[in-house]
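J.: Sequence:
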Amino acid sequence: MIDPFTAMAAATTAYNGIKKAVSVGREISAMTGAVSQWSKAVSDLDFLEDKAKNPPMYKMFSDNQSNALEIWSQKQKLKEMREELRAHISWTYGPSAWEEIVRIEAKQRKEQRELVYKKQEFIDNCINWAVGIAVALAGVGVLVLFLFFLGVQQGKW
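With the first letter of the sequence shown counted as 1, position 147 gets the number 147 in the numbering used here; the numbers rise by one all the way through.
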């Protein structure tokens with residue numbers, strides 16, 4: 001599972017790499033690795049935010065509020081970084097360069113959704129079903145025990 005600290009560390013590393021590359025005058029096409037890493041980290045934080053808003057059943061009873069607050073603060077830092085990158089890249093290379101980065105980010109987000117997030121959602125759904133079945137079986141077991149002891153008390157067994 002992706003955690004906010006790892007995603008933010010990746011975003012910060014990519015941010016510093018992109019900023020450094022722009023300041024020394026490298027072309028946008030030479031920064032695709034850093035841009036891809038940035039896009040993946042942004043996508044991971046967006047996914048975590050969606051999961052915090054709608055957690056799986058087995059996580060509903062855990063401390064989700066602190067996790068949501070943590071993700072929100074990371075998203076705010078990411079928003080500041082994004083705005084600074086946009087200004088820096090647009091100023092250095094022009095607005096079309098930032099539009100190219102936004103396109104790369106959208107492509108990366110789509111790929112992440114198809115590869116990683118669907119797998120994680122499948123795992124969450126399997127765990128949800130397993131927990132639901134276990135709770136249902138426990139309920140049936142309690143009902144059977146109740147009926148058994150009721151029958152013993154009434155002398156039917």
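The reader is advised that the hints may include incorrect statements.
[Claimed, not checked] Listed below are the simulated BS3-like cross-link pairs for lysine-lysine, each with C-alpha atoms no more than 27 Å apart in a straight line: (1) K119 to K19; (2) K119 to K53; (3) K77 to K107; (4) K20 to K53; (5) K119 to K156; (6) K77 to K110; (7) K53 to K19; (8) K75 to K19.
None of these hints come from the bench; they were simulated from the model.
J.: Is K53 within 27 Å of K19, Cα to Cα?
T.: violated, 32 Å
J.: Verify the proposed pairing of K20 with K53, using a straight-line Cα cut of 27 Å.
T.: violated, 35 Å
J.: Mind checking the alpha carbons of K119 and K19 for me, to see if they're no more than 27 Å apart?
T.: Distance ~33 Å between K119 and K19 Cα, so the pair is violated.
J.: Within a Cα-Cα threshold of 27 Å, do K77 and K110 meet the stated pairing?
T.: Holds, because 23 Å separates the two Cα atoms, which is no more than 27 Å.
J.: Need the status of pair K75, K19: alpha-carbon distance at most 27 Å?
T.: OK: K75 and K19 at ~19 Å, within 27 Å.
J.: Would you mind confirming whether the straight-line C-alpha gap from K119 to K156 stays at or under 27 Å?
T.: violated, 52 Å
J.: Holds or violated: K77 with K107, Cα cutoff 27 Å?
T.: holds, 22 Å
J.: Keeping to a limit of 27 Å between CA atoms, is the pair of K119 and K53 held or broken?
T.: holds, 19 Å
Hint compliance for this structure: hints 1, 4, 5 and 7 are not met, and every other hint is.
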